[in-house]
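Visitor: Put together the whole structure using the sequences plus the hints.
Chains as they are written, first to last, in our numbering: chain A, -14 to 266; chain B, 165 to 458; chain C, 33 to 367.
A few of these clues could be false.
Unchecked claim - Computed Cβ-Cβ distance ranges for the label pairs, DEER-style: (1) B/LEU387 / C/ALA184: 31 to 37 Å; (2) B/SER254 / C/LEU302: 54 to 60 Å; (3) A/LEU121 / B/VAL282: 48 to 54 Å; (4) C/GLU307 / B/SER295: 47 to 53 Å.
As the list claims (entries may be wrong) - Only some residues are given here: those of chain C computed to face chain B with a beta carbon under 10 Å: (5) ILE62; (6) VAL63; (7) ASP65; (8) GLY92; (9) LEU96; (10) THR144; (11) ASP150; (12) ALA155; (13) MET159; (14) LYS269; (15) LEU274; (16) VAL278; (17) LEU308.
What the hints contain is simulated information worked out from the structure, not anything from laboratory work. Positions of the beta carbon are idealized from the N, C-alpha and C atoms, including for glycine.
Below are the chains, spelled out letter by letter.
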Amino acid sequence: MAHPAPQASGPAASEQADRAGETLLSVDKVTRNFGGLSAVSNVSLQIRRGELVGLIGPNGAGKTTVFNLLTGVYPPSHGAIEFTRDDRTRDIGGMAPHRICAAGIGRTFQNIRLFKDLSVLDNVKIAMQANVPYGLFAAMFHTPKFHKAEVEIVDRSMELLGIMNLADKAGAQARNLSYGDQRHLEIARALATEPTLLLLDEPAAGMNPAETSQLTDLITSLRERFKLSILLIEHDMSLVMRICERLYVLDHGVVIASGSPDEVRRHPKVIEAYLGEEADV
Amino acid sequence: MGEFAQQVINGLSLGSIYALIALGYTMVYGIIQLINFAHGDVYMVGAYVGYFSMTTLRLGFFESLLIAMVICMVLGVVIERVAYKPLRNSTRIAVLITAIGVSLLLEYTMMFFVGAAVRSYPPLPDYLTGSFQVGGVTVGNQQVLIIGVSLLLMAILQLIVRRTRVGRAMRAVSQDADAARLMGINVDNTISFTFALGSALAGAAGVLVGVYYNSINPLMGILPGLKAFVAAVFGGIGLIPGALIGGFFIGGVETFVSAAGQSLYKDAVVFGILIAILIIKPTGLLGRNVKEKV
Amino acid sequence: MKKGLVSFLVKAVPLLAAWAIVLVLINAGIVTDYYLATMATICINIVLAVSLNLITGFTGQFSLGHAGFMAIGAYTCAMVTMAEPSVLGFVGGLLGGGVLAALVGLLVGLPTLRLRGDYLAIATLGMAEIIRIILLNQDATNGAAGLSGIPAFLDWNWMFFLTVATVWIIANFLHSSQGRACISVREDEIAAESIGVHTVRSKVLAFMIGAFFAGIAGGMYASYFYFIKPDLFGFLKSVDILVIVVLGGLGSLSGSIIAAILLALISTALQPFPELRMIIYSLALVVIMIFRPQGLMGSREVSLGVLNRFRRREPAVATASAAPAIRRDDDEEVV
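Guide: Structure follows, in structure tokens:
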């Protein structure tokens, strides 16, 4: 429950630190077909605890499809997705999205999916729903237990908003936020579900270089603070090269290269896939 | 066996009417994903137009059928342009509520002008009222007329949708309206044309129902409209062959439930089928599953 | 919690005053049976509209079967109070009707709420028709003639209490984590799932709570008007309720209340012209949807106490558009 609080770095944190390096997510030869066409085929990738991994590739390479498979939006046609939490490993391929979220995977969306008509604070409060300690009766009759829990939900939500630099906008309607703030709010909302693995789908899309650089720092600090492992899709190569420890390169639904940013940068297949874009890489 | 064959004939004539109405539902749904609640009432208007054309204007059956189709066609297009078009970018609920509003408006405006009382349909000319025996089964000329007219109209519809330019435009818009627009198709006109086609079929169905049940009233569109919708869902909404299969199926079910002496429950059975389909295979008999894009 | 007390009083005092004033007027013979019947209609319509708004306005699930749930409640309450004509029987019948309606809601909702919105509308419509046809063909319910001579227990006190309690409980629910989950389903189902909301459960929950209170409204109707028949609970009744919700604003409880009162007054005024009433209703639906789809109130709320407006400029429900909502639930106690 007290997870998002920074002081949570007690014994649990050191324990997690000890376990750094163990495999958190293991995608094994996953394929997804859409009516005869395979959007991704035979994709395998691993994420170890505490890692920050990038998933890059040209447009239409299947990156978002990988995210959708990992979060249960649709089930894989073949292959297994294994996720480990609290020493328990299970196949989450094809599990319902809300169960995958409860298992510890949070995500953001490429085409921002906030609850646009609700307040910024409500967006985060909704995401706290999994660990609410009161039942339906308390909810309907607003018992003292309810009030106590709600105060805590608001406190924790405000804390998350503070971390994402949104505290002063808590009362604003989400749709009125700037593009960058909306992306921040999506991250805050995902964090509220207390994930151990965070999937960020183009977090810097639409941001200017200054904002991107700020976001880069924020992502690294979030990883420290919440003991997160992060997988991110990004087109902004400066961001990817700066913060990712490892990269997977996807093209036409297939992993064509993986390794450290330097290795990937020099990989002939990657240069070929990006064609004229290698200057950016 | 004779009894069974008799019920099949009865089911076919009722089913062909449902199929005619279901076609309008399914075409409109296919093209703008709207359950056009007012469709059942367009068909009611068709029945009244046919009635007045045969009584007040003293026109023959086929002329009246044609007039009903033309007037309903115009009505359908007007409804689309006035009530639905402004809501092209609204939520589905908003459009659906509007459709319900249009439906009630047609019903009660009609009631305001012609009164709520049931009217009996004018008698048909002699050559359409007789009956004949085929292997111990009585077939009414009227039934032949209903089935014949329905099948003819369906064949024409199929020709329009498959073989003409505007039919191709309809199919394109129902696949992807934005892409169709980019290819130079006038999407608004295509949608209007779809309403025109569907409403004309409903108008014809209205006259045929008047003949079949021999009575009409301003609220007559509600139940057959809903059942035709069930038929469209059963076959797979958005699919023209689905509407045909569904129409005949629902017509058959209803006929057999009545024949089994349970006519009080025939409507409940149809709605039960609807809920069952929605649970077992919401895309209908011929439908395919499509998942929302993330 | 001093602020909580103030907030409570701000809401409770005007309510109690309204209740007391009407009570005095009834005892003084100024509010006649005719006016009281109008007030009963308003109260019942408020319960119906608020509960449908929970399903359609807040959770985004389009139900056209609310009259079906109302019918279940009405017949249950009628048959129980006829068998056991006491206050206990009335309360038992009322609650029993609500619970039965909620169970039918579960039965229908569980499979159909997985479907997209417009399919649900048709499925609920079909369910309501099935309920009506069953009631029409049973000996126990006396078929089309319906039940008459139902013992009347619903006086002004009951009416008032049941209506206020319904609004209070539904408003509370919407302010809770479970209620917020329902609203998130309306806003964006895929995003809701991604943050762990069990969307089907949220929908079914809202549907059951809505059905429960529709059942209560049915019981209220049976007990006040002591005569019910299946035709009262047809498709048109469902549409009546929908008109109230749409006019008031999908997602606004106070909008539903205002619209219920407004439409009752319009209805009364149009009583001599029943045909015109339906034409006006249907035109209103179309015109509202085209020109003001958010209804009278949109998703905003009016607070009961005028004082609230000075204390904080903020609507009372989680859909709050411009809500400096920090610590909101702390000082927002009852009604």
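Visitor: It remains to establish, for every hint, whether it holds in the given structure.
Guide: Cross-check of the supplied hints:
1. As the Cβ distance of B/LEU387 to C/ALA184 is approximately 34 Å, the hint placing it in 31 to 37 Å holds.
2. In this structure the supplied range 54 to 60 Å is violated for B/SER254 paired with C/LEU302, their Cβ-Cβ distance being about 28 Å.
3. For A/LEU121 and B/VAL282, the hinted distance range of 48 to 54 Å is satisfied, since their beta carbons lie about 50 Å from each other.
4. Range check, C/GLU307 to B/SER295: about 40 Å between beta-carbon atoms, so the 47 to 53 Å window is missed.
5. A distance limit of 10 Å between C-beta atoms decides the matter here; for C/ILE62 the minimum to chain B is near 36 Å, and the interface restraint is violated.
6. The closest approach between the C-beta of C/VAL63 and any C-beta of chain B is roughly 33 Å, which is over the 10 Å cut-off, so the hint fails.
7. A cut of 10 Å between beta carbons decides the hint on C/ASP65: the least distance to chain B is about 29 Å, and the hint is violated.
8. With a least beta-carbon distance of about 7 Å to chain B, the hint placing C/GLY92 at the interface is held under the 10 Å criterion.
9. Among the interface hints, the one on C/LEU96 holds; its C-beta lies about 8 Å from the nearest C-beta in chain B, closer than the 10 Å criterion.
10. Residue-level restraint check for C/THR144 holds (minimum Cβ-Cβ distance to chain B is 6 Å; threshold 10 Å).
11. Annotation: C/ASP150 was flagged as interfacial toward chain B, and the flag holds, the nearest CB pair being 5 Å apart, inside 10 Å.
12. Restraint check, C/ALA155 versus chain B: the minimum CB separation of about 5 Å is within 10 Å; hint holds.
13. Satisfaction of the interface hint for C/MET159 is found here, the shortest Cβ-Cβ separation to chain B being roughly 7 Å, below the 10 Å cut-off.
14. With a cut of 10 Å, the hint placing C/LYS269 at the interface with chain B is violated, because the nearest CB-to-CB distance is about 13 Å.
15. The criterion of a C-beta within 10 Å of any C-beta in chain B is met by C/LEU274, whose closest approach is roughly 7 Å, and the hint holds.
16. With its C-beta approaching chain B no nearer than about 6 Å, C/VAL278 sits inside the 10 Å limit, and its interface hint holds.
17. Because the beta carbon of C/LEU308 sits about 7 Å from the nearest beta carbon in chain B, less than 10 Å, this interface hint is met.
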